[in-house]
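Chemist: Guided by the hints, dock chains B and C onto chain A, whose structure is given.
Those protein sequence lines, which keep their order, are chains A, B and C. Per our numbering: the first sequence = residues 839 to 1110. Per our numbering: the second sequence = residues 16 to 173. Per our numbering: the third sequence = residues 13 to 275.
Note that these hints are calculated values from the structure, not bench results. Check before you lean on any hint, since a few could be wrong.
[As the list claims (entries may be wrong)] Cross-link-like lysine to aspartate or glutamate pairs, in silico, EDC-like; alpha carbons within 16 Å at most:
no., chain 1, residue 1, chain 2, residue 2
1, C, K210, B, E85
2, B, K137, B, D103
3, B, K139, B, D103
4, B, K139, B, D111
5, B, K110, B, D134
6, B, K70, C, E211
7, B, K145, B, D63
8, B, K104, B, D140
9, B, K43, C, E196
10, B, K69, B, E85
11, B, K59, B, D103
12, B, K69, C, E211
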Amino acid sequence: MPTIPATDNLVEVENVNFAYDSRQILEGVSLDIRRGQVVAIMGLSGCGKTTLLRLIGGALLPTRGEVRVDGKVMARLSHEERFALRRRMGMLFQFGALFTDMSCYDNVAFQMREHTDLPREMIDDLVLMKLQAVGLRGAHQLMPSALSGGMARRVALARTIALDPMLIMYDEPFAGLDPVSMGVIGQLIRRLNDALGATSIIVTHDVAEALGLVDYVYIMSAGVILTQGTPDELRASDKPFVRQFVHGETDGPMPFHYPAEDYASDLRAREA
Amino acid sequence: MMKRKALDLWVGLFVAMGLGALLFLAMKVGNLASFTAAETYLVKANFDNIGGLKKRAPVKSAGVVVGRVENIAFDTESYEASVVLAIDKRYGFPKDTSAKILTAGLLGEQYVGLTAGGDPVKLKDGDRLKITQSAVVLENLISQFLFSKAADGSKDSK
Amino acid sequence: MTAVTGFLENLGARAIGAVNRLGFASRFLLLTLRNSGMCLSRFSLVAREIYFAGVLSLIIILVSGLFVGMVLGLQGYDTLQRYGSSSALGVLVALSLVRELGPVVAGLLFASRAGSAITAEIGLMKATEQLAAMEMMAVDPIARVIAPRFWAGVISMPLLAAMFSGMGVFGGYLVGVRLIGVDEGSFWSQMQAAVDFKEDILNGVIKSVVFGIAVSWIAVFEGYDAPPTAEGVSGATTRTVVTASLSILALDFMLTAFMFRGA
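Only chain A is shown next, with the shape it has when bound in the complex:
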């Protein structure tokens, strides 16, 4: 499935603990993310997935253990070095987090203007190119308030990839989206990752949507990694909690995102 030969690891999380005050969020979490892959970190709400993303992004520092991105230990970087590394990362926030006082165009152009001295015409071309990639070139003059949730997420995605990052992180990219938008975002994540030669981490609780597009999966619960494997391995696994988690929507007494799953794949199949 990976289109780019995955040899070394871009992100290495080694035995990381993290606590807010006295509340333990992560305990002994270790995971490796290979270059070029799309990796999902799955788990129910409140299990520490988003915290893990923030640790990788360097917004938080682990209380124990090490987070390495591109061979650099996050905790040992100075403020400037961490900012320099972040320029090569992109993060899509849960609800897009578009700057509400700027148009879509300015949102996508934001990083180019902040970090580069590119001439106006070149920024113009780049922005329209990025918006074209998410299919919203026509909406470049709109303000974020005029966009639907799915469109806002796509504009935010265009902003995330504005500087062609080596690592793209997605925090619940499917949350609160209708199935059509969900499918569109899912396809975009895969396509952009392969086109940019980037590495992607998706944090989600949307099993069905994620399993269809990622290369590797970590399943978390209550601050620890329960299991890992490729989507096929997980589907074939007979561990009870994995079955419950992966097939929850059909097997268990507590269906997991049941209505969204069938409809989404159904519609996507018809679209294709």
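Modeler: Frame of chain A, contents of chains B and C only:
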């Protein structure tokens, strides 16, 4: 980009209006226009009593403001009030000019009035005015008036 | 007995909380000042915020200034003419405005018009993760979002106060000279004789600068510190107006005691 220009224009207008208001306050409302910029020379004058005279009160001659009261102190040798006047360099006064403390209206502010003498030599920086007249203190005036009335009354009865 | 200790505990906890918050706010101010370099190199960021904080407050400031000045004219005339000194109306109007009402009322209006808007905007940016997103894009939100708003407030406030005072004097002139018929010459000349540039006008400007710093500081801090929820942001907005107004009045008392003690 049109929007950006309009915004810059508004901000420019806003700052200009603010500075204009400050200038208006300084020039029209305050006394910056009438003084400060002009150079002054200092002249001393001793008074028996300055009444309610305050620092920065105007110094007038023939009704025209020619300076300000620079400083007020108490002279421990003569037991008088020692007043320093800052007078605009443009206005020269004869050496025998006299100073009076006057009141604008019955209850108005007090100021120093200068009356020019006839001496051909002009006042220099640091000179002292020899002829001074103190402030009129209302209580003194009333008691004088009563005293003279009483004196008149006793003369009449004789 | 338990009621007393409970009350004391409560009081202690509140006091400690307040001191904590003040310390946090002070560190935040320092951080803002240290990250203000971008405001100089890219002044257009500040200019944009001056538009929102200053230009959009213009109407309320000018109209209020005019009305306050006109009321001063009416009330002042009524009092002064009893003592036969209605010609001092200009002095009364100008001194009240320049020394006190200009900076204070403009400050209060600024706190409720611009301060609350700044808090709400920053709080919303935080609640919708815009600040976090900016940080992940390697752009420091304090330098890019907080500092320009802070400096815009500090710059706008003295200008607004000056406009308020200027408008007020004009209002007093309208009522006193045009409407009531106080002599125009003595209105202006007595005013000019009594209002000192350094003692009165400059001190008024200093006051308004201090108020500008206080209001902007409180507004950006409350916004940045707001809990990232709808209630959190609305609560922070209210706190900005209350805290900023009280600070203005308290600071005004202290500054007045320092500045005009002699005169």
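Chemist: Against each hint, give a clear statement of whether it holds in the structure.
Modeler: Comparing the hints with the structure gives:
1. For the hint linking K210(C) to E85(B), the alpha-carbon distance of about 14 Å falls within 16 Å, and the restraint holds.
2. A hinted pair counts as satisfied when its Cα atoms are at most 16 Å apart, and K137(B) with D103(B) qualifies at roughly 14 Å.
3. At roughly 12 Å between alpha-carbon atoms, K139(B) and D103(B) fall within 16 Å of each other, so this suggested pair holds.
4. Restraint check for K139(B) and D111(B): the C-alpha separation of about 12 Å stays at or below 16 Å, so the hint holds.
5. Taken as a hint, the K110(B) and D134(B) pair is honoured in the structure, with Cα atoms around 6 Å apart against an allowance of 16 Å.
6. Restraint check for K70(B) and E211(C): satisfied, since their Cα atoms lie roughly 11 Å apart, inside the 16 Å limit.
7. Simply put, K145(B) and D63(B) have alpha-carbon atoms about 12 Å apart, close enough for the 16 Å limit, and the pair holds.
8. The straight-line distance between the Cα atoms of K104(B) and D140(B) is roughly 10 Å, inside the 16 Å bound, and the hint therefore holds.
9. Distance hint between K43(B) and E196(C) is fulfilled; the C-alpha atoms sit about 13 Å from each other, no more than 16 Å.
10. Restraint check for K69(B) and E85(B): the C-alpha separation of about 9 Å stays at or below 16 Å, so the hint holds.
11. Distance check on the hinted pair: K59(B) and D103(B) sit about 14 Å apart at the alpha-carbon level, within 16 Å; holds.
12. For the proposed pair K69(B) and E211(C), the alpha carbon gap of about 13 Å is at most 16 Å, so the pair holds.
The structure agrees with every numbered hint stated previously.
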